[in-house]
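Single-letter residue listing:
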Amino acid sequence: MTILKEPDFGTPASTSSTSVTVEVDGIPVTVPEGTSVMRAAATSGIDIPKLCATDSLEPFGSCRLCLVEIDGRRGTPASCTTPVADGMKVRTQTPRLEKLRQGVMELYISDHPLDCLTCSANGDCELQDMSGAVGLRQVRYGYEGENHLSLEKDTSNPYFDFEPSKCISCSRCVRACGETQGTFALTIEGRGFESKVSPGGLSFMDSECVSCGACVQACPTATLQEKSVVQLGMPSRTVLTTCAYCGVGCSFKAELRGDELVRMVPYKDGGANEGHSCVKGRFAFGYATHPDRVLSPMIREKITDPWREVSWEEAISYTASRMREIQAGHGVGSIGGITSSRCTNEEVYVVQKLVRAAFGNNNVDTCARVCHSPTGYGLKQTFGESAGTQDFRSVAAADVIVVIGANPTDGHPVFASRMKRRLREGAKLVVIDPRRIDLVRSPHVEATHHLQLQPGTNVAVVNAFAHVVVTEGLVDEAFVASRCEGYEEWAAFIAQPENSPEVVESITGVPAAEIRAAARLYATAGNAAIYYGLGVTEHSQGSTMVMGMANLAMATGNVGRDGVGVNPLRGQNNVQGSCDMGSFPHELPGYRHVSDDAVRTVFEGVWGRSILPTPGLRIPNMFDSAIAGTFRGLFVQGEDIAQSDPNTAHVTAALTAMDLVVVQDLFLNETSKFAHVFLPGTSFLEKDGTFTNAERRINRVRPVMAPKTGKHEWRIVCELAAALGYDMPYTHPREIMDEIAALTPTFAGVSFAALDRLGSIQWPCNENAPTGTPTMHVDSFVRGKGKFVPTSFVPTSERTTRKFPLILTTGRILSQYNVGAQTRRTANIAWHPEDVLEIHPHDADVRGISDGDSVTLASRVGATSLRAVLSDRMPVGVVYTTFHHPVTGANVVTTENSDWATNCPEYKVTAVQVALRAQPVDAADATEATDELAPARERAVID
Amino acid sequence: MSATTPPTVRLANEIARQFHHQPPDTAAAAIANHIERFWDPRMRTDLQHHATTAPESLDPVALAAAKLVGS
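Protein sequences appear in the order of chains X and Y.
The first sequence lines up with residues 1 to 943 when you count with the working numbering.
The second sequence lines up with residues 1 to 71 when you count with the working numbering.
In short, the hints are calculated from the structure, not lab data.
Calculated cross-link-like contacts (lysine to any residue; reagent style SDA-like; alpha-carbon spacing at most 20 angstroms): (1) X:K787 x X:G486; (2) X:K787 x Y:N33; (3) X:K380 x Y:A30; (4) X:K99 x X:Y141.
DEER-style ranges, computed between Cβ atoms: (5) X:E313 x Y:P60: 53 to 63 angstroms; (6) X:P795 x Y:P60: 11 to 21 angstroms; (7) Y:P60 x X:S506: 20 to 30 angstroms; (8) X:P795 x Y:P55: 24 to 34 angstroms; (9) Y:P55 x X:A915: 37 to 47 angstroms; (10) Y:T45 x X:P795: 29 to 39 angstroms; (11) Y:P23 x X:E477: 21 to 31 angstroms; (12) Y:P55 x X:S506: 28 to 38 angstroms; (13) Y:Q48 x X:A722: 30 to 40 angstroms; (14) Y:T45 x X:P729: 30 to 40 angstroms; (15) X:G605 x Y:P55: 40 to 50 angstroms; (16) Y:P60 x X:R802: 28 to 38 angstroms; (17) X:G473 x Y:Q48: 45 to 55 angstroms.
Glycine residues also receive a C-beta, built at the ideal position from the N, C-alpha and C atoms.
All chains, please: the whole structure from these sequences, using the hints.
Structural data, given as structure tokens:
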């Protein structure tokens, strides 16, 4: 399409259900009570000139351009700050208004550079537009007087420039930073003529700015402008698509000039983000065209051989023949595949179909194994569906928000902005996290309770919450009686003294009084919502904790309406989708067990192949079996298991032991060092399909450019299947979605056409819910009755010892994304050039460590080195790092411990020691301590 | 548990720890059910092999579960 300019109604929509009718320039218009005159006029098709108003921000009334006349009222009120009243008669164009507006514009223009023809915003400048709209023909004041034209440009931010000489002090950027993003990094500094926008008196790069882009989007002039627009010019066409980073799944307008992507602009009608963005989605897309991209297939006989570029035909034929050789020699079950949460639903679906129908086994797993598999298990057991309960909008109705093991401002920043908005409105916040995350205390947000628990004690804490609820008479008995089962047994268990806050205090380190107060707050809030992340799931009791949270929500009646629920914040853009698509070895698409004869029969009928009724191998099982010699061939779709999975030595030993490793990815990565076939993949800008975000929202991913590799990933998989003797003759990804819909009841109403019509769809979408389901379990749970499951606390077997006296926990930061394959290839590297170890000053002091020192981090399975950052965010005894850089190899030290139910790794609890290093070490040194890794590294070719 | 513990034994023992609060028979049945729903049959066979050849390596409840698991 041509460039998509969304209408701007000037002020936000009113949510009132009462209507009023007004007359604007003689045209009657009916709008909700509370609507501004400006918005009412825009609704009737009359655009009142404006500069400081935009419909993503509350009205401000500073520019004095939107003045109107209202019958019976004196003066010329600002239409943006004046609400409509029933029967009101408004005039937007009169000689008096014309003169006033021209006077205002004259003043603006007298202090504005007259470089429109060479300005980067030429053609997309509201000041330019308004000059035309008000009919400005002269500036009587001249340009010789005092002005701001010589103010220095700030180019410090890698993605946008700040040119204060073009600023009209409308405050849209300042308000966007506060209202939309919630960071409050910008302010109007000075008074009167000296007033100017400032990032706290610093450069943008040195300020608190998080580069979300909200200010750039709000700016009506070229004051805040994307560098890409400055360099390339204004885009001329738009493609609506979906971000490929976190599980928020923001909708974006990809704006192009010819075939060149100029910028990504958040889409106002995007259901997940409603016009907001973060630094990754907004700006960090340069990796898609990075010169490191591999664009041709490559093969090699042995991993010590150099790569050899080959044709697609040869790569696919080679892969198929070696897969069949392995199966001939070692059995049908000796090969398998891993799907990726960075790929579309359609791409994932064909990989699991390849495994089940062409490989003939159920050895398919997905990277959700190492993040949210406990969510799938826990919510299925208790609620009956492996998905979160709410849409993101729901947080606006929450009275108490409990954040457990998540760091939304870094991991899910666009949702965090929604959450912070609600907190500024007065909702209470409880944070349960060993680390003092930003949400605990940030501008205009402060947690009522921060329960700084000992890592590995989540279940003890959630049980103590429930103990308080049950023993203090805070149970929603009507909800429990009508909606749930198993309550009596569970209540008897949870009421036992061992679950009381007083008893668990010595285990969790959280004062009993704090737990009691937080539990009472949650139970009596009205609407209480739980949001959680990998700090819940990546534990030996990850699944138990998910069930514990579900128990708590059911006991207090906090399920099935707006503002409540149990909500996983998914790490990657398509974690939910990849799980939905049957990526787990025990489940077909739609979370239906492979042992279900009726379900299998339906798939077998369409696929024309029999499906094994027994589960296949999970990823960790594949590694164990590879080392044992029984699993010898692996197809890895878009996941760098050698960097992201725990106990690197074990993973690389497994990869080294295999006869064939096939990697489908954008870049050569750590895993590809052990690969025999490299099939180049496509970036999200090239993909055609759908992603499903953490709120079950299915969004279209539309191709912005043709595949740089010459072939879509789904087609590669289909061709591989064909080479293995199994046809998957799709001609377009819409046909894949049609098959998914035909076979999966929760997707029955989903199609590309429906998505184009509705914008997005939250599953379940079927005849009962033709436009989707924003909130689940409204009248009954998916499984019928919600099931209470007793959740005994069992301490992790990972304990501190004299040799390893500290606990390591891991996470990610705002500017980087998972293993960093994408974000390290963008200017985001400016914010995070290396992974660092956060350590409490006391723990550092006793080890003689100063801020910035190089330290060795060692566990019982390995050692690495990185730089120490002293921080009291961490409690004494706990250290923290990220895993965005392969050179650090954070997972060299994480262990084989995992969630008992799903084998999700226990990333969040590793006993370690930290010691000062005299000199920095390289990655090879860092892995010396691992016996298992040594032979693997000897055989690997370091590209 | 040592690094040389067979994976299926380690995993079964980890599951068993979660069911220690239940009566042994109930726990064994629940563990067996879990293993049947989520483990590849080869892993079940391997567990049963260890249950026969090295029963001392298994938690008693895991051992009881291994005997209930269909391969």
